[in-house]
Each structure stands twice: as structure tokens, then as C-alpha cells.
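Chemist: Assemble the complex: chain A is given as a structure, and chain B must be docked to it using the hints.
From first to last, the protein sequence lines stand for chains A and B.
Here my numbering is used: the first residue of the first sequence is 1, the next is one more, and so on.
Here my numbering is used: the first residue of the second sequence is 315, the next is one more, and so on.
Hints in this document: simulated from the structure, not taken from any laboratory.
Treat the hints with care, as some may be off.
If you want the footprint, here are the derived chain B segments under chain A, 3+ residues with CB under 8 Å [said to hold, decoys possible]:
#, region
1, 452-466
2, 624-630
3, 676-690
Predicted model only: the values in this text are computed from it and were never measured.
Just so it is clear, CB atoms sit at the ideal spot from N, CA and C, and this is done for glycine as well.
Each chain, written out:
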Amino acid sequence: MLETIAFSLLNGLLYGMLLFMLSSGLTLIFGMMGVLNFAHASFYMLGAYFAYTVGLVTGFWAALFLAPILVGMIGAAVERFGLRHVHQHGHVPELLFTFGLAYVIDELVSLFWGTVPVPYRMPESLDFTLFTMFGIDYPAFKVFILAVSVVMFVALYILLKKTRAGLIIQGSLSRPDMVSALGHNVPQVFMWVFAIGCALAGLGGVVGGIHLVTEPGMAFLMGPIVFVVVVLGGLGSVPGALIASIVIGVLQTLALSVDFSLAGLFSGIEVSRESFFSTLWYMDSLRLAPVLPFLLLVLTLIFRPRGLMGKREA
Amino acid sequence: MSALQQRDKSTKPTATEGTRPRLRLGRFWPWAVVVLTALVLPQVFTSGHSIDMLSQMGILVVFALSYNMLLGNTGLLSFGHAVYFGLGGFCTMHVLRMINDAGTGLPLELLPLVGAFSGLGFGIVFGAVSTRRAGVVFAMITLGIGALVHSSALMFTDFFGGEGGLFGNRVEAPSLFGVDYGPSENIYYLIVGWALISAIAMFALRRTPLGWMANAVRDNPERAQFVGYNPQMVRFIQFSLSAFFAGLAGGLFILADEIITDETVGQIVSGQVLLATYLGGIGYFFGPVFGAVLVTFLETSLSSYTEAWVLYFGLMFIAVVMFAPQGLFGLLHQQVVAIRAGQWKGTTLLRLYLLATALIAVFGLVCTVELAYHYFGSWDPSAPLNLMGVSVTATNALPWIVSLGILAAGLALMTAHARPRLHRKTSAKSSGGEQ
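Pulled out of the complex, with its shape left as it was, chain A reads as follows (with noise of 0.2 Å):
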């Protein structure tokens, strides 16, 4: 029981750190443009593929850069050409451009790379056993995206308080006219902003293709997560992100490892088989696992809609 529980913490914060990756970009986004990006895990996926075609090429550790850096120039060009001409309609269109974007991008990734499952997996220089726990091996690699996701955690947040640049996309948030007398290009600093939040769903996509599956339904797999993790995280806030990225993962992971049901824990109590309820009684965590974010996300937007860390509500 000890040793499951350890993993399923390690893992769950190995699984926690990846929906980090994504969600900093979305609450970046999010809290700077106030665009609900609903294309983010796309661009997830894109970096995935990115890094495995482009690594066929030049190797795994060229493609960690080149693929964030193809994926942000994606993220600029949607910006500059799509929505900065329907952000005058206001942001209801602006979500639904991004909905029709993440069509649009899932459609070409099966087209481009099939609908199958592409062979993207971990380079040789990482594919060792770093630690043994309680006789089972832990691979570098896991470790290794732990230490990415922790790199980029820190990097964000030292861009985003202690310099100037974090400073003026602070600014042209709240002060769009102001910051753009002080002689600011505003429509170029949300570019930026938005070309940044995809680079880092495409860093997200890197590692996360090789630890999960890439393939064409990734992206739908975590998009709605992604949301639960920006939602209760706070708007804006990358640490709230960073809190409730670990919190999710965490839980999900337990709730699929550890076997659990409310018949489990009050053994005494008989429910018969046949009453509705029964269902509830006799449900195991497992099943319960997959609604966990959607009611977590519920609880938070109901009871505290600013959510862990934010400052303002959704």
C-alpha cells in the first residue's frame, strides 16, 4: 500500500508538472488577452509532432528547442493574421475563432501524420534507470520532465515579475492606451504574449508526446483539463497553475492506482444491489477518476470563482 501511494505521487506529480507545461501557456494567454484559447492543447499536439519529425532529423535534443520554436511562430502568425482582426467584434468571436482553429489543426495533423499513432519515443541517452524505489526502477526520462517543467516554471516567472518585458505585458493588460503613449507596440506585445503561450504548450508537447501517446486525439484528450487547470489555478496566475496542475494530477492518479469505493470503506454497511444508489456505493475510483477535474472545475467556479490564486474572478 506505502510503496503504491509513493508512486502514485511521484507519477501524479510527473503527470501534474506536464498539465503545467500546457496550462501556463492558457493562463498566460488567458490572463494577459483574456483569450479563452480553446486551440491550446492543439498546439500541444503540434509540438509533439514537431519534435518527432524534426527529430528524425537532428536528433531529440535539437528538436526540444526547434519544436517549441516552430510551434510559437505557428502561435504568431494565427495572432497577427486571424485574431487580432476579430478582436474588434469582442471576445465571444475570439473564442469561437479558436474553436474552429482546433478543428482545423486536428484535421491537418491526421492528415499530414495519420490517424495511427506515430513511433515518437525517448532518446537513448535518457532511457536509463535513475533510481530504484521498493525494487521497481524509475526511468531518467520521468525525471527529466520533471526538471524541464521546474526550468520553465522558474524561467516564466522570473520573465513575468523581475523584468521590464513582464513589467509592459502587465501593463498592456490592464492599460492597453497607456502603455502604448509610453510608446509601446501593444497589438505586437500580445503577439508576443500569444506566440509565447504556444511555445510552451509545444515544450508541453515534447516530453508529453513521448510520456503519453502521440497521436491525433491527444489534443481533445487534454484540452478540458487544461481549462480545469486554469480555472482553479486563477486566472493569470502561473503559480495558482503550478498548485492546481500538481492538485489534479495527483488526484487522478491516486484515484486510478489506489482502489477505492464508498462500500470499500464502510464494509459494515449493506446496500442492496438492486436500489439506484447501489451505483454510487459500489463505484471504485477507478471509474470515478475521468469526472474528478470536471467537478472539481464545477465546485470552483460555483464556490470560488477566482480560483486558488487569482486576482480577479473568471
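Modeler: Relative to chain A, chain B alone:
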């Protein structure tokens, strides 16, 4: 909130359309046209396949109209409307199965009401939670509820039937008028009847005080509240009523298909109704009707012609969001208004020129996409492809260059020449008129 106000600049026609003080008979000709077409079409296209398609159109029309009660009338963007459609469908299915087991019970004609009232019930429960706020928060709560319901569909297998879904048999149910509902043509007319009833009901709802209040809450919630209405209450009532009609559409879906799976409450269906409604045009009552018919038609017919239909769909949606936020029906309606106001005079050629450039761009795009699908998708990319009547080889560079050239030329002419010229001309005209 500012988002909603801004959005409504693009859907202004609602306001002008709505403030007409009394009903005029001349305004009802679209109804006559729609009803007549609906009645005549199955006599023209008699194949089982096309009648099934027409039934699906009728169902999506009701669903899209109910969706527009939220998006168009109240300014609420929902990403989980399939929940009420699907849950209404599941409840109807359970009642149908009970009727099948008992051999008697509720007549088939009234079964959609089961869906409607269960939709209303779920709408009241979930609406109480989700309509507290508008805008992006509302969109996200509906997304969350949609994902919640969809992922619990595999938990509660008794109700949702698990992976395989649930079956029923409409023929064994009793009929109010003794009609045999075996042939799909009969079920089609039943669907048309219900669609007509619900469309009239929804149209009438727009003209009640509740409808006006919904518009007021959409345009300016603070002011509506200041005048003495509770915006949250108005949203809640509109939401519940919208769920009622969505559930009715779900009930109709059961009658047509006799099978329902967990997909019905999922994201894809929610996206489909959003697509249909927005493509048609959210500022007009007939916009969603147009959109629903178009989307169903494209889905069923386009998918038999080309593998790339989902891509065309997505691109069409993006194009509408970018260039025609008032929707396709709105675009047509604007032209009619412009012709009546005499704005087409002197710009007819220019407008046709703009249309031609757009069509050239679309043609180039279709050629490119078809080439790409052939090149990446087929077993043998070098096999000859029949592209617009010309046999080409996708592995050669020439067809690519020609297709991309046509696309680029069309786009460049449209954005750099035709659109600015038309814009200059029309704006010069209107400013001249003011002076």
C-alpha cells in the same frame, strides 16, 4: 460584460428586427416557404437516405433554435448544450423501452415531450449553477458540466447503456392516430410537425416580455438590473426553456434513430450545434434554421464526396467568424436590405467582382486540399487524381503550383483589391449621403 456589448455590434439586426411594434402578415412568408419546402422535399427525394437526412435536418433545426435562445437572444455562449439534448434523448429512450416491454403506454407522437420535460428538469438543475454569471465564466461552466456528464456516462452504465448505448423500437409503440411509424417518411412528417410547433413557440417566446428582457440582459445587464429585472433570473429562465427545446430535439432524435450512445451528450454534438447556429447567423430567427439545414446537408453529402469535409467545415467556420460575424443568413439578408435601400446601385459589378475573387480563392483552396489529401492520405500518391475534371498526378509539382497560384491570386485580389475598393465606394456613398 464589455465582451457581450461588443459582440452585439455585429448582431445589431436583432434589435431593429425586434422593436417592430406589431406583426405584419408580409413578414410570415419565410415561414410559408420553409413549411412548404419541408412538406414537398420528401416527395421529390424519395430515397431512404435522403429522407433520413431530412429528418436529421428537422432535429438539428429544433436543437439549433434552442441553442440560439441562449447565444443569440441572451448572449450566453454554451459549450455543453448537448447535455440537454442527450439527456432528453436518454430519458425518452427509457420510456420507449418501458413501452416496448409493457406493449402499451404513451403514444409515440407524444414521446418527444418526455425528452422536453426531462431536458427542462436537467436545465433547471444545471442552470441554477451555471447562469450565475455570463460571458467566459458561463462558457467554462457549461464546458465543465458537459465534460462532467459525458465522463459520467461511462460510470452510470444502467442509465447510459455503457459503450454500446441503448436501443428501442418505435414501431411497437402505440400511435395516437393509428399511423404506422415503420417507414421513415412517416416519422419525418412527425418530426416536421414537432419542429414547426417548437419553432413557433420559440418565435413567440422572443416577443414576450421575457424575450425583451433577455435582449436587455444581453445588451446591458447593469441597466436591466437597474430598471428592476434580475439578470440572473432572466438568464436562468431562458436557459431552462432552451434546455426544454433541446430535450425535445433529443426526443425526436430517438424517434428517428432508435439508438442512442454516450456520444450524444458529448463535446462533438455540443460543437456541432454551436457550428450550425453560428454559421447560420445568431442575430436572426431563421439563421439557425439555415445553418442547421446547411450543416446537416454538408455533413451527409460532402462526406461522401471528399475525405476532407471536416477540414472544409473548420475553414468555413473560421472564415465566417472572420469575415461575416453576422452569419451566412445575415450576409444574404444584408444584401437584400442593401438592394432595397438602393446601395447596390453603382456597386453591383464591384460586388460581383468581390464574389468572383472569393470563389476563385475557394476553388484554389479546394484544389490544394484535395491534392494534399490524395498525396498524404492514399496508398499510392502517384496514382492519377481526377481534380475538377482534370486528371493530375499529385507527385508532380505542376498541379500544386497551379492550385496554390489560383488560391493566392484569389486571396490577393479579394483582400488587396476588391474589398478595399468596395469599402471605399460604399463608405464614400454613405458619407456623401449624410452631408
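Chemist: Can you confirm whether chain A covers the region 676-690 of chain B, using C-beta to C-beta distances below 8 Å and requiring at least three such residues?
Modeler: With 3 residues closer than 8 Å to chain A, the region 676-690 of chain B meets the three-residue bar; holds.
Chemist: Under 8 Å between beta-carbons, do enough residues of the region 452-466 of chain B, three at least, approach chain A for the coverage claim to hold?
Modeler: With 10 residues closer than 8 Å to chain A, the region 452-466 of chain B meets the three-residue bar; holds.
Chemist: Counting residues of the region 624-630 of chain B with a beta carbon closer than 8 Å to any beta carbon of chain A, are there 3 or more?
Modeler: As far as the region 624-630 of chain B goes, the hint holds, because 5 residues have Cβ atoms under 8 Å from chain A.
No hint from the list above goes unmet by this structure.
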